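Go ahead and model the full structure; you've got the sequences and the hints to work with.
Each chain is listed here by its residues.
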Amino acid sequence: MAKLKLNLITGRTIHQGVAMEGGKEKDAYTKACGIIEMDPSDLKKLGIWKGTNVRVTSEWGSVVVKAVEATQGPHPGLAYIPMGPWANSVVNPKTYSTGMPTFKGVPIEVEPAINEPVLSSIQLVQKKCRGEA
Amino acid sequence: MSKSVTDVICPFCGTLCDDLEVIVSDDGKKIEDIYNACAIGAEKFMHAQAPERVKRPRMQQPDGTYKEVSYDEAVEYTAQMLFNARKPLMYGWSSTSCEAQSVGHEIAEKVGAIVDNTATVCHGTTLIAVQDVGIPSCTLGEIKNRADRIIFWGCNPCHAHPRHQSRYSVFPRGFFTNKGHMNRKVIVVDPRVTDTAKLADYHYQVEQGRDYELLSAFRVALRNEPLPETVAGIPREKIIEGAEVMKSGRFGIIFFGMGVTQSLSKNHNIDNAIMLTKDLNEFTKFSIMAMRGHYNVTGSGQVLGWQFGYPFSVDLSRGFARYNPGETSSNDLLRRGEVDAVFVLGSDPGAHFPISSVKKIAELPSVCVDPHITPTSEISKLHVPVAFVGVEVGGNCYRMDNVPIEARKVVDPPEGVLTDVEFLTRVNARLDQLMGGK
Amino acid sequence: MAEYIIKNGFVFDPTQGIKGDKADIAVKDGKIVKSTEVSSKAKTIDASGKTVMAGAVEIHAHIAGPKVNEGRNYRPEDKLFTYRPKSASSRMAGGFSIPTTFKTGYEYARMGYTTAMEAAMPPLYARHVHEEIKDTPIIDEGAYPVFGNNWFVLEYLKNKEIENTCAYISWLLEATKGYAVKVVNPGGTEAWGWGLNCLTIDDPVPYFDITPREIVTGLIEANEALGLPHSVHIHQNSLGNPGNYTVTLDTLKLAEGFKAKNKFGREQVLHSTHLQFHSYGGDSWANFESKSKEVMDYVNKQKNITVDTGCVTLDETTTMTADGPFEHHLTELNHLKWANVDVELETAAGIVPYIYSPDIKVCEIQWAIGLELALMAKDPMRCFITTDHPNAGPFTRYPRIIKWLMSAEARKKQIESFKHSAKMVEATHIAGIDRELSLYEIAQMTRAGPAKALGLSRQYGGLAPGMDADIVVYDFNPEKPHKPEDIEKAFSAAAYVMKTGVPVVINGEIVSNGNKRTLWVKAKVNENPQVMRDIRDKFLRYYSVTQANYDVSSHFVPNPHVIEVDATH
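Residue numbers (the working numbering), protein chains in the order written: chain A, 1 to 133; chain B, 134 to 571; chain C, 572 to 1140.
These are calculated hints, taken from the structure and not from any lab test.
Given the structure is predicted, the values throughout are model-derived calculations rather than measurements.
Keep in mind that a hint or two might mislead.
Unchecked claim - Mimicking EDC-like on lysine to aspartate or glutamate, the simulated pairs with C-alpha atoms at most 16 angstroms apart in a straight line are:
no.	chain 1	residue 1	chain 2	residue 2
1	C	Lys-983	C	Glu-997
2	A	Lys-26	B	Glu-460
3	A	Lys-5	A	Glu-132
4	B	Lys-380	B	Glu-460
5	C	Lys-1093	C	Glu-1135
6	B	Lys-136	B	Asp-412
7	C	Lys-657	B	Glu-239
8	A	Lys-127	B	Asp-160
9	C	Lys-908	B	Glu-185
10	B	Lys-318	B	Glu-377
11	C	Lys-874	C	Glu-838
12	B	Lys-318	B	Glu-374
13	C	Lys-874	C	Glu-860
14	C	Lys-834	C	Glu-1135
15	C	Lys-657	B	Asp-565
16	A	Lys-94	B	Glu-460
17	C	Lys-983	C	Asp-950
18	C	Lys-729	C	Asp-780
19	C	Lys-824	C	Asp-773
20	C	Lys-908	B	Asp-412
21	B	Lys-492	A	Glu-132
22	B	Lys-188	B	Glu-201
23	A	Lys-127	B	Asp-196
24	C	Lys-832	C	Asp-1137
25	C	Lys-731	C	Glu-792
26	A	Lys-44	A	Glu-132
27	C	Lys-705	B	Asp-565
28	A	Lys-66	A	Asp-27
29	B	Lys-188	B	Asp-412
30	A	Lys-45	A	Glu-109
Next up, the structure:
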C-alpha cells in the first residue's frame, strides 16, 4: 500500500467551532473534525477519491479519519486536521521545555484505510485511554 | 410575547462581542432566537437549553459507564480527591468567570495545587516571549479608529474569530478611518490560502514552520540590508514590498495566532514578531496583539497575575508560587507522571491535549466540571455539570486586548444545576472542614 | 462594638497639633473617641516608649489595574527570592517592585499605611482596577480615572465648554467608581496614538488642536466648579527629560488665579505628582543637574498647590505610567523590555524595567533631587512623601526614605558610597542640607497632609475624636538616642496597626484582613442632554464596547464609601 509523507498542521475551523458547541458526542463533531484536508494533488498521489477513510500515522500515534479536499488551498505537501482528539492522536506531544506541545508541523504518513471506521470523539478517546486503538 | 435582551456578551472566543441580542420567551425562561452572533456564538446560545443537557453529576463506575450522583456526593469526592492528593493539577479556567477562577485559586492555594489555563496549549508561548521582550499593543477600538495596516500572521479569523474583522480590524468606519476597509491594507501570512487570505490585499504563503525566518527577513528589509533571493519560500521582492507597505501606514497592527505559537519555534517566533513590531515603531506607529482563543483565558491570566504574579502554569505545591513552563506546565507534568489528581473546569483537555496526556488523566483520580459531555468528562472519574457563564450566570471576562467586560445572565440554569462559583464554594468549605481550619 | 485604649504612647498628630506628648487614644465602634467615652471593658494596648500616629495615607501609587498586572505577568523575575508562603491569616504574597494584590495590602499595613489611592485608572479598564482593589486586603482604596487625553474632554475644552466638561467628569466618576480628576502628560498621550508627543504646555495635540495649557486650566476650572474633594492631580508634560523644570514651572503657574472651592477642607487647586521626575536641569545626561531649588522656591510661595516627591530608592524596579511616549523613550535608552497599551478615546500606558544604580551618576542625582524637594519644603502639609511606586522605587522603601529625611548622617553615608559622589554633589544641593525632618513633619507629609489634599481630613490622617480609628504604633522611642537604622527598622514593621477599629497588624505580622472600603465620588450635576447625546454617539461610533457594558456594576465595589458632592447650580 502506498504511504504518502505529508506535513500536518492542526487548528480551528468554523465547522469545528459550531459542532463543538453543539456537543462533541454528536455526529456533527465527527464530521467536522474527524477529517484530514488534503490538496487534490496529494489525494491523486495517494490514489484515492475524496471522502475515503485514511490512516494517519506519526511517530507518536495513529488515527483513522476521512480524507477530504482542501478547502483553503492549494497547499501541496501540507495536510490539515481540525483541532480535536483525532488530530491529537498524532501530534507531537513534546514541548521542548516551553509547555506547548507541537500541534503544528508534524511529519505524518497517510495511507488508505477504506474499511476502517472513523470513531466518534468519545469512542476514540476512551479506546485510546484503554489502549485499544 | 417574546422579550429582547440586548448588549449580551458572547461567551465563546477572545473577540468577546458584547452586542448580541437574545430573544427569550415571555416568561424569560426559554431562549428563542439570537441576533448579531457568529455561527459559533449562535450555536452556543441556541444549544444551551438542549433537552439532552446533563443536569446532575455523574460518577464513573468500574465497568466504565456513568451513574448519576448528587451534588453533595460530587462535592465530597472532589474535596477528598484534592485533600488527599500530594500534587493535584487544577486545569482549564478559560471558559468561566473571574469570580469562579478566584474561588478556584483559593482552593488551589489551600491544597497546594498547580493552576494552569488553556494558554498552556494556546498563547503560553506568547506569554513567554512577552516576558523576554515586552509587547507594544493597544485596545481593539484603537484599531477600529486609527489602523490602516492590518497583518494577520498565523491566524485565520474568518474561522476562529468570525466577527473580528467586521467589529474591529478591517471593515469598521472609525474616527480616523471613515472609509473602513477601503482605507486599509490587509496582509495575511499563512502556509495555506485561508479564507482570510482570500480577502487580503497581500498573501505571503510562507513555508510551514519557517515564520521565524520570514520575520527576520522583514526586519532586515526595514534596515535596507541585503536579503537572499527567497526566504521561507517568499521571493525577496515581495518581502521588500511588504516592508514598504508596513512602513507607509499611519498605524499598523500585527494579529497573530497558533500558526506561530504552536509551530516548532514557538516563543521564538513571537519574540521575533514583537521585535519586528518594535522595529516598525522607528518608522510609524505599530502594535501587536495575540488572538486569544477562549473567551476568558485572558481573565485567567489576569487573576493569576494579580493574585500570584504569573499568568499560567503556576505551581503552588510548595506553599509559595513558582512558575517554570516546561516544568510546571500541564502537558509536561502529565507526561512525566508528576501529578496525582486532575481537576478540570472550563476547558476540554480530553479533546485538545495530545492523547498521551489524556491517557494520564484517565488513569488518575479526576473531576471534570463542564456543562457539556466532552472527551474529558467521558474519561474522568466524576463529571459535574454547571451553568453556562454568559448565558445562565453572569461574571467578569477579559477580551483579547485585556478589556474587562461583564458577561450577563440571560436565562436561569436548568432546575438544580449549580454555577461554577457555587460548586467551588462548596468544595472550598468542605476542604476547610477536612483541613481542620488550617 | 469593640473598645480599645492605646495608652501612654508619644503621639504625633498634626490635626490636633500634638508634637510628641504622651497621650491616650480611645477607640469605640471603629472611631476615635474621647478617653472618657470608653468603658472599663476597653482593651488596653500598651504604647509606652513607642510612637503613635494616625494610619498613613498613600496619595499616589500604581497598585491596581491593567498596567500594574501586565508588569507582574511580564516580570516573573520580580518574584524571585521574596515570596512569602501563606499563613493562618494571610494568603501567599510575592513580588518586589510589583507586589501581588495580597502582598500590597499586607505590606502597606505592616508599615502603618491604612489608605492608598491608585494613581491612574484607564476608564475602559475600570472594572479590572476594582477587581484588584477588591483583592487588596486591609487598606481603604480609591482610584483616579485619567482625563487629560480623553476625547470628550479635548473636544469640550477646545470649545471652552466647562459645564459640559463638568457633566462628563461627573458621569465618568460614577461610571468608573472613581475618586478624582487625574491628568497624565496632557495631550501628549493622545499624540502618542500616532507615535507623537507634547513636550511643552503649548504643543498642540494632533487633530484635536488643543494645548496642554488649555487642557489643564479647563480641568482645574471644572474641578472647582464641581467642588470635588481632591484637586486636579497632574503628571505634567516632559517627564524625565533633562531641562524639564521649565515645563514644570509653566504647568504649576497655571494654578495662579484659581481658588479652591469645596466643602472638604481642601485648599489646593492643583496637586503636582512625583515632582522629582520633573525637576531636572541641564540639557543632556552629561550636564544633568538638580533644579529642586527653583521648583521648591515656587512651590513654597504658591500656596494653592500641593506636591509629592517621587523619591528614588536606588533599587531595580519597574516603571509604569500613562505617559506612553516617555516609556518608549526609556526603552530606547536602556533597551529593557517595553510593554505598551494605547486605550481607545482615553489614554495609554507603558512599562519598562529600570535599575537605579548607585554607580550611575544620573541615578545618584535623581536620588538627591527627591530628598531635596522634601527637605526644602517650607510647609510639610503641602509636600508629601511618595516613590510614585513602583516608578522611582517600591513603596516598601518608605521607611528608608523616612530615615534619609530624618538623618543627615544617613544621607552622608549614602553619598559617600556613591561611585560618582564628587560629581553628583556638584550637580545637586543635597550635601549642603543639614535639615533633619522631625517625626511631626513626617506625620504631616504622610498622614495629615495627604488626607487634607484628598479632601478626607475629617476621617483620615489624624487622631482627633470623630475620625476613623486608623492608628499605628511604631516601636520607636523619640526620647531615647537612636541610630538611623532604628528609624528604618521601626517604620518597616509597626508594633501595632488598627484599621477602622480592627487590629490588623501586631508586631509586624498580619492578624486580620480587616474590612476594606473603596472610596469613590458621586458628584451630582444638572441634567445635560447634550453630553448624554455625545456619550451615546461616541459609544455607537467609536468605542469597541457598548455603553450598556461600560459602567462598573456595584458588586465590583462590595464595600463602597461614597463621597457625595452636590454641584447642581
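Results for each hint:
1. Lys-983/C / Glu-997/C: Given that 16 angstroms is the threshold and the Cα spacing comes to 14 angstroms, the pair holds.
2. Lys-26/A / Glu-460/B: Not OK: Lys-26/A and Glu-460/B at ~36 angstroms, beyond 16 angstroms, violated.
3. Lys-5/A / Glu-132/A: Distance of about 25 angstroms is beyond 16 angstroms: violated.
4. Lys-380/B / Glu-460/B: Judged against 16 angstroms, a Cα distance of about 40 angstroms means the pair is violated.
5. Lys-1093/C / Glu-1135/C: 5 angstroms, holds
6. Lys-136/B / Asp-412/B: Given pair Lys-136/B, Asp-412/B is violated - Cα atoms ~52 angstroms apart, limit 16 angstroms.
7. Lys-657/C / Glu-239/B: Between Lys-657/C and Glu-239/B the Cα gap is close to 11 angstroms, so the pair holds against 16 angstroms.
8. Lys-127/A / Asp-160/B: Violated. Lys-127/A to Asp-160/B sits at ~45 angstroms, over the 16 angstroms cutoff.
9. Lys-908/C / Glu-185/B: 51 angstroms, violated
10. Lys-318/B / Glu-377/B: 12 angstroms, holds
11. Lys-874/C / Glu-838/C: Distance of about 8 angstroms is within 16 angstroms: holds.
12. Lys-318/B / Glu-374/B: 13 angstroms, holds
13. Lys-874/C / Glu-860/C: 26 angstroms, violated
14. Lys-834/C / Glu-1135/C: 11 angstroms, holds
15. Lys-657/C / Asp-565/B: The given pair, whose Cα atoms are some 15 angstroms apart, holds under the 16 angstroms limit.
16. Lys-94/A / Glu-460/B: Since the Cα atoms of Lys-94/A and Glu-460/B sit roughly 12 angstroms apart, the hinted pair holds (cutoff 16 angstroms).
17. Lys-983/C / Asp-950/C: 24 angstroms, violated
18. Lys-729/C / Asp-780/C: 8 angstroms, holds
19. Lys-824/C / Asp-773/C: 13 angstroms, holds
20. Lys-908/C / Asp-412/B: Given pair Lys-908/C, Asp-412/B holds - Cα atoms ~13 angstroms apart, limit 16 angstroms.
21. Lys-492/B / Glu-132/A: Holds - the C-alpha atoms of Glu-132/A and Lys-492/B are around 12 angstroms apart, at most 16 angstroms.
22. Lys-188/B / Glu-201/B: 9 angstroms, holds
23. Lys-127/A / Asp-196/B: Given pair Lys-127/A, Asp-196/B holds - Cα atoms ~14 angstroms apart, limit 16 angstroms.
24. Lys-832/C / Asp-1137/C: Within the cut-off at roughly 12 angstroms; holds.
25. Lys-731/C / Glu-792/C: 10 angstroms, holds
26. Lys-44/A / Glu-132/A: Roughly 32 angstroms separates the two Cα atoms, so the pair is violated.
27. Lys-705/C / Asp-565/B: 22 angstroms, violated
28. Lys-66/A / Asp-27/A: 13 angstroms, holds
29. Lys-188/B / Asp-412/B: It is violated: about 54 angstroms lies between the C-alpha atoms, which goes past 16 angstroms.
30. Lys-45/A / Glu-109/A: Roughly 13 angstroms separates the two Cα atoms, so the pair holds.
The structure shown violates the earlier hints numbered 2, 3, 4, 6, 8, 9, 13, 17, 26, 27 and 29.
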